[in-house]
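K.L.:
Now for the letters of each chain:
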Amino acid sequence: DGGITQSPKYLFRKEGQNVTLSCEQNLNHDAMYWYRQDPGQGLRLIYYSQIVNDFQKGDIAEGYSVSREKKESFPLTVTSAQKNPTAFYLCASRGTTNTGELFFGEGSRLTVL
Amino acid sequence: QKEVEQNSGPLSVPEGAIASLNCTYSDRGSQSFFWYRQYSGKSPELIMFIYSNGDKEDGRFTAQLNKASQYVSLLIRDSQPSDSATYLCAGSPTDSWGKFQFGAGTQVVVTP
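Heads up: the sequence lines are chains A and B, in that order. Under our numbering, the letters of the first sequence match residues 115 to 227, in that order. Under our numbering, the letters of the second sequence match residues 16 to 127, in that order.
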């Protein structure tokens, strides 16, 4: 089945460590996104990519990095520079149909110990 | 000022009643609007999309769009306990690659 796979679902990190969240899609979508969600809050855009080897900062990019070496993959690294990384991270992709909605992965919950 | 605003709730609705959710947006460049349902601890799932003024119905759900007044609404008829969730309103720009603007979400609680 087509969809977006995020891993791991749960991740614990010690302060000062970098961690990488995986996002893979087999929907053949060009655009991919990373969002952060904190309890009781909406989605905030971290980074997005329109095409392979190109990506743009979203509203809260500080302390995060991404790469887009393949169309199917858009990993997110949470660096030690991110001072409050505990959150629910959502990867999404978007097709170019008339509706153009975002398709979401199941999310990764990161907790800093 | 947030670009997409929603009442955070919780909106308490008796089972079988109509739940009415509202969303306002500031970006007149937004063309399409989406309602996502998000259960606690889960990822958002699309319920409805609308891009033309007026009403759009899909089962128990009706989306309404008024571009002149810059608001979008979602009605849930015959509310069920399974409708208890947070509902996110989102607007997207005209180009396919642009950034969605999400509201903070409205929590709906359907009481038996």
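Derived from the structure by calculation, the hints contain no laboratory data. Do not rely on the hints blindly, as some may be mistaken.
[To be verified] DEER-style ranges, computed between Cβ atoms:
| id | chain 1 | residue 1 | chain 2 | residue 2 | range |
| --- | --- | --- | --- | --- | --- |
| 1 | B | 35 | A | 154 | 39 to 45 angstroms |
| 2 | A | 227 | B | 97 | 33 to 39 angstroms |
| 3 | A | 117 | B | 70 | 39 to 45 angstroms |
| 4 | B | 29 | A | 171 | 32 to 38 angstroms |
| 5 | A | 174 | B | 27 | 21 to 27 angstroms |
| 6 | B | 42 | A | 144 | 21 to 27 angstroms |
| 7 | A | 144 | B | 25 | 36 to 42 angstroms |
| 8 | A | 132 | B | 68 | 45 to 51 angstroms |
| 9 | B | 81 | A | 123 | 21 to 27 angstroms |
| 10 | A | 144 | B | 35 | 33 to 39 angstroms |
| 11 | A | 197 | B | 126 | 37 to 43 angstroms |
| 12 | B | 42 | A | 153 | 44 to 50 angstroms |
Beta carbons are placed, not taken as given, at the ideal position from N, Cα and C, and that holds for glycine.
K.L.:
Each hint needs a verdict: does it hold in this structure or not?
P.N.:
How the hints compare with the structure:
1. B/35 with A/154: 39 to 45 angstroms: violated, 21 angstroms
2. A/227 with B/97: 33 to 39 angstroms: holds, 35 angstroms
3. A/117 with B/70: 39 to 45 angstroms: Distance hint for residue 117 of chain A, residue 70 of chain B is violated at roughly 31 angstroms.
4. B/29 with A/171: 32 to 38 angstroms: violated, 45 angstroms
5. A/174 with B/27: 21 to 27 angstroms: Taking Cβ atoms as reference, residue 174 of chain A and residue 27 of chain B lie about 32 angstroms apart, which means the hint is violated.
6. B/42 with A/144: 21 to 27 angstroms: holds, 23 angstroms
7. A/144 with B/25: 36 to 42 angstroms: holds, 38 angstroms
8. A/132 with B/68: 45 to 51 angstroms: Holds, at about 48 angstroms.
9. B/81 with A/123: 21 to 27 angstroms: Violated, at about 39 angstroms.
10. A/144 with B/35: 33 to 39 angstroms: Holds, since residue 144 of chain A and residue 35 of chain B (Cβ atoms, about 36 angstroms apart) stay within the stated range.
11. A/197 with B/126: 37 to 43 angstroms: At roughly 40 angstroms between Cβ atoms, residue 126 of chain B and residue 197 of chain A fall inside 37 to 43 angstroms, so the hint holds.
12. B/42 with A/153: 44 to 50 angstroms: Given about 26 angstroms between the Cβ atoms, the range is violated.
Going down the numbered hints, you'll see the structure goes against 1, 3, 4, 5, 9, 12, while the others check out.
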